[in-house]
Amino acid sequence: MELTLGIALIAVTCLFAVFVVRVASKNVREFDESKHESFLGK
Amino acid sequence: MSAKHVHSLDKDKHDLNKFGYAQELMRSMGGFSNFAISFSIISILTGAVSLYGHGLSYGGPGMMGFGWPLVALFVMIVAASMAELASAIPTAGALYHWASILWNKRWGWYTAWINLIGQIGIVSGIDYSVALFADPLLGDLFGYESTLTTTLIAFAVILLTHGIFNHIGIRIVARLNDFSAWYHIAVVAVLVVSLAFFTKGGLNAFDYLFKVGETFQDKPYMFAFLIGLLQAQWTFTGFDASAHTIEETINPRVRAPWGIFNAVAYSFVFGFIMLAFVTLSIKDAGAAAGADNAFIYVIGQALGGTFGKVVLWLVTFAMWFCGMSSITSFSRMMYAFSRDKGMPGSRHWAQISKKFRTPAKAIWLAVILSFLLALVDYVIKQANPDATYTTIAFLTAVSVVGLYVAYGIPILLKLIAKRQGRFLDKHRGPWHLGKYSDVIAVLALIWIVFISVIMVIPPNEMAGYALGGMIVVLIIMDYAYYRNNFPGPQAALGTSIEEILRKERELEQSNSQDGGAPFKA
Chain A
4 MELTLGIALI AVTCLFAVFV VRVASKNVRE FDESKHESFL GK
Chain B
696 MSAKHVHSLD KDKHDLNKFG YAQELMRSMG GFSNFAISFS IISILTGAVS
746 LYGHGLSYGG PGMMGFGWPL VALFVMIVAA SMAELASAIP TAGALYHWAS
796 ILWNKRWGWY TAWINLIGQI GIVSGIDYSV ALFADPLLGD LFGYESTLTT
846 TLIAFAVILL THGIFNHIGI RIVARLNDFS AWYHIAVVAV LVVSLAFFTK
896 GGLNAFDYLF KVGETFQDKP YMFAFLIGLL QAQWTFTGFD ASAHTIEETI
946 NPRVRAPWGI FNAVAYSFVF GFIMLAFVTL SIKDAGAAAG ADNAFIYVIG
996 QALGGTFGKV VLWLVTFAMW FCGMSSITSF SRMMYAFSRD KGMPGSRHWA
1046 QISKKFRTPA KAIWLAVILS FLLALVDYVI KQANPDATYT TIAFLTAVSV
1096 VGLYVAYGIP ILLKLIAKRQ GRFLDKHRGP WHLGKYSDVI AVLALIWIVF
1146 ISVIMVIPPN EMAGYALGGM IVVLIIMDYA YYRNNFPGPQ AALGTSIEEI
1196 LRKERELEQS NSQDGGAPFK A
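Those protein sequence lines, which keep their order, are chains A and B.
Sequential numbering from 4 applies to the first sequence in this note's numbering.
Sequential numbering from 696 applies to the second sequence in this note's numbering.
Hints listed in this document are in silico derivations from the structure and should not be mistaken for laboratory results.
All residues carry an ideal CB built from backbone N, CA and C; glycine is no exception.
Do not take every clue at face value.
Here are the simulated lysine to aspartate or glutamate pairs, EDC-like style, with alpha carbons at most 20 angstroms apart [as the list claims (entries may be wrong)]: (1) B/K706 to A/E5; (2) A/K38 to B/D710; (3) B/K713 to A/E36; (4) B/K713 to B/E1199; (5) B/K706 to A/E40; (6) B/K708 to B/E1194; (7) B/K1121 to A/E40; (8) B/K706 to B/E1193; (9) A/K29 to B/D1120; (10) B/K1130 to A/E33.
Negatives, chain B to chain A, calculated, CB over 10 angstroms [what the hints assert, rightly or not]: (11) A851; (12) D1133; (13) V1151.
Covered by chain A, according to a simulated footprint, are these stretches of chain B (three or more residues, beta-carbon under 8 angstroms) [stated by the list, open to error]: (14) 707-720; (15) 769-779; (16) 787-800; (17) 828-837; (18) 897-908; (19) 1122-1128.
Input sequences plus hints: build the corresponding full structure.
Following this line, the structure appears as structure tokens:
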């Protein structure tokens, strides 16, 4: 039981990392500079 | 230098100029160097090793199997939220600058000081750890006995070497950081292969790694497990370095966020592999938990004393790299904060060495502040030799809470700014999480609140008192002076482009006259 839970936790952590990498990579590729505006806090 | 490279540098400089800042630091770091600085500060061979006994004694073997991935998961969530901010607002002030412009300069000022105190704690803690490891080793080598005085002298020498390397340039520091990243991986590989093939009597069964319910402290297991999380949580600090060196990174809106996130993700993987093999080679967990240095005890039992000593040297060098990167990050943070006149003597700390293009005075201030902390501890122990006061445990808790609270403030303020319609989709940098951004930010904040409470309850209540006292001092400083005298980063927005370009030209000219590397191709 503990072994299964432990492996599941490691798997969730790895999957989260992969998920972030995929989402962020896609957004970096599709970034459109012409629509971007620097946030200056004015 | 290629035309594309020059174009990228111009674009990066232009992006920085929009915030009212000149390109004063030398922009020469690539993506790997930006990752390497955070990976070196996280340093699985520093935090996970020096607090291995803490984790084992509170949470038993299950601390490595459950505690490490649990903390890593939530730290990745925090890192992802910070990476988004670094991509959107790529300035060296990072946390403090983000807080200032997402809400107001006073929130930024508090964020900066909380970050700064966390940074003093982390630099001092890391370099004092190096001294605690190095001094007895040198004592063995040169035939002297390690004492508090010799440890303090070793600490001073270590800080001095870090100050010198940081002073003479980001290029050499970046190269050493690059080497450090590979060095960490190589040492982990040596350790893992040795333990896998040469552990006396073989490794424990794999499920030993997930054994819960065993603690060597007089506390209920669940409570002890939570306290034991300090081991992983302290290890996963300092990844804001990729943001603090953002003005020295080429294509920073993409590379710095990757540096932040990847440093945490790779540290999780390599750290877990290392901890798994070390834990699986434990012969007697109770004896290891009670040893002066549990990590060395376990290695010594598994592989013999001579190998244990070799590992000790390898780990000490890894810690040295970690300390050097920490001073780089700390000095950039103080430089940026002083550039906006947030500290006493700001004029000095914001100065850039014309020869080396580094914030030389801020570097030496970081060295002095870190030394002073250890000196205070030394004086207390000289006055009261029976003191049981442990500076390292205290510093680790203070630095965890200081740094994570500073990480959390801009994440919270971005959520508020989005809700108020001030931070819009068009303000996001290239690296963002789209529709998942808010839920990840909320999870990050929940973890930061949770871990901040865990780190200041007994037996770490002294850290809580210290942080409480620190907040009181900050409030007094704020109301006494800075409330009306801190211009904040917003003031820089009024700097004319002519003034910015004049500053850049001055630095370029002095740099060329001194024979240093030019800023542009």
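Hints, one by one, checked against the model:
Proximity of B/K706 to A/E5 is assessed by CA-CA distance (about 52 angstroms); at most 20 angstroms being required, the pair is judged violated. For the suggested pair A/K38 and B/D710, the alpha carbons sit about 15 angstroms apart, so the restraint of at most 20 angstroms is met. For the suggested pair B/K713 and A/E36, the alpha carbons sit about 15 angstroms apart, so the restraint of at most 20 angstroms is met. Between B/K713 and B/E1199 the alpha-carbon distance is near 14 angstroms, which keeps this suggested pair within the 20 angstroms criterion.
Distance restraint check for B/K706 and A/E40: the Cα-Cα separation of roughly 14 angstroms lies within the 20 angstroms cut-off, and the hinted pair is therefore satisfied. Note on B/K708 and B/E1194: the hinted pairing holds, with a Cα-Cα distance of about 14 angstroms set against a maximum of 20 angstroms. Distance hint between B/K1121 and A/E40 is fulfilled; the C-alpha atoms sit about 6 angstroms from each other, no more than 20 angstroms. Among the hinted pairs, B/K706 with B/E1193 is consistent with the structure: their alpha-carbon atoms are about 17 angstroms apart, no more than 20 angstroms.
At roughly 16 angstroms between alpha-carbon atoms, A/K29 and B/D1120 fall within 20 angstroms of each other, so this suggested pair holds. Note on B/K1130 and A/E33: the hinted pairing holds, with a Cα-Cα distance of about 15 angstroms set against a maximum of 20 angstroms. With a least CB separation of 40 angstroms from chain A, B/A851 remains clear of the 10 angstroms interface cut-off, as annotated. Every CB of chain A lies more than 10 angstroms from the CB of B/D1133, the least distance being 13 angstroms, so the non-interface label holds.
At roughly 26 angstroms from the closest C-beta of chain A, the C-beta of B/V1151 stays outside 10 angstroms, upholding its exclusion from the interface. Interface restraint, the segment 707-720 of chain B with chain A: holds (3 residues with C-beta to C-beta distance below 8 angstroms; minimum three). Coverage of the segment 769-779 of chain B by chain A holds in this model, with 4 residues showing a Cβ closer than 8 angstroms to a Cβ of that chain against a need of three. Check on the segment 787-800 of chain B: 3 of its residues sit with their Cβ under 8 angstroms from a Cβ of chain A, so the three-residue criterion for coverage holds.
With a cut-off of 8 angstroms between beta carbons, the segment 828-837 of chain B has 0 residues touching chain A; three or more are needed, and the interface restraint is violated. Figure legend: the segment 897-908 of chain B, annotated as covered by chain A; annotation consistent (6 residues with Cβ-Cβ distances under 8 angstroms, at least 3 required). Restraint check on the segment 1122-1128 of chain B versus chain A: 7 residues with Cβ-Cβ distances below 8 angstroms, three needed, restraint holds.
When each numbered hint is compared with the structure, violations occur for hints 1, 17.
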